[in-house]
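Order-wise, the sequence lines are chains A and B.
If you read the first sequence in the working numbering, its first letter stands for residue 1, the second for the next number, and so on.
If you read the second sequence in the working numbering, its first letter stands for residue 1, the second for the next number, and so on.
Hints listed in this document are in silico derivations from the structure and should not be mistaken for laboratory results.
For clarity, every value in this text was computed on a predicted model and none was experimentally measured.
Do not take every clue at face value.
To be verified - Cut-off 27 Å, straight-line C-alpha distance, at most; resulting in silico cross-link-like pairs (DSSO-like, lysine-lysine):
hint, chain 1, residue 1, chain 2, residue 2
1, B, Lys78, A, Lys49
2, B, Lys57, B, Lys78
3, B, Lys57, B, Lys42
4, B, Lys78, A, Lys58
5, A, Lys106, A, Lys69
6, A, Lys109, B, Lys42
7, A, Lys69, B, Lys83
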Amino acid sequence: AQSVTQLDSQVPVFEEAPVELRCNYSSSVSVYLFWYVQYPNQGLQLLLKYLSGSTLVKGINGFEAEFNKSQTSFHLRKPSVHISDTAEYFCAVRSGAGSYQLTFGKGTKLSVIP
Amino acid sequence: EPEVTQTPSHQVTQMGQEVILRCVPISNHLYFYWYRQILGQKVEFLVSFYNNEISEKSEIFDDQFSVERPDGSNFTLKIRSTKLEDSAMYFCASSDDWLEQYFGPGTRLTVT
């Protein structure tokens, strides 16, 4: 079985400041990792994904994440946030062993303060 | 840009009633999924569907739940006899391969 932990339920940050949203996972098999964003009253939108290869992955809207196998982490970062980044962010993991289901963390609400 | 749509956006029903939540996946996608999120909790996988049959389901997806693709465009989730604890946001998703699942905006189900 796999699980995902997002340690921070809420992260307030000032506009143009950097932000890091933390995600740790546990799994007994190889995994694929995802970050999704949910804006108010909308569905989940994929920000970026790690499947294999380079551990630093870049996504939409200037976000990037780094896969760290030894620390079982996949933290999301942005060097300078905008008001429009205010949303809830979900980390998710999928087993590489033939399963299609995503296992999600509880989400982190990012609030960007003007 | 193609998107997954879900109807209704909000459904209120009485305990014991049947509900059907509807989804229109992206047209060329072959894999379909339902997830739910109880308020304040994680998004949880319910079921995946491929080639007109369930390919995977979670422990939550018991005999009260069923899924169907009644025609070439819709994908439905039926709850036969709703319970209070079925109150949640239900998300439909679809994918054309195993790489990326596209999610709909969700249906908020309230069981009273």
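> Given the proposed pairing of Lys57 (chain B) with Lys78 (chain B), does the C-alpha separation stay at or below 27 Å?
Replying inline: Judged against 27 Å, a Cα distance of about 14 Å means the pair holds.
> If you draw a straight line from the CA of Lys109 (chain A) to the CA of Lys42 (chain B), is it 27 Å or shorter?
Replying inline: holds (13 Å)
> Going straight from one Cα to the other, do Lys78 (chain B) and Lys49 (chain A) come out at no more than 27 Å?
Replying inline: violated (31 Å)
>> Run the distance test for Lys57 (chain B) versus Lys42 (chain B): straight-line Cα separation, threshold 27 Å.
In response: holds (17 Å)
> Holds or violated: are the alpha carbons of Lys106 (chain A) and Lys69 (chain A) at most 27 Å from each other?
Replying inline: The given pair, whose Cα atoms are some 21 Å apart, holds under the 27 Å limit.
> If you draw a straight line from the CA of Lys69 (chain A) to the CA of Lys83 (chain B), is it 27 Å or shorter?
Replying inline: violated (41 Å)
>> Hint check: Lys78 (chain B) vs Lys58 (chain A), CA-CA at most 27 Å. Holds or violated?
In response: With a Cα-Cα distance of about 38 Å, the restraint between Lys78 (chain B) and Lys58 (chain A) is violated, given a limit of 27 Å.
In summary, the numbered hints that this structure violates are 1, 4, 7.
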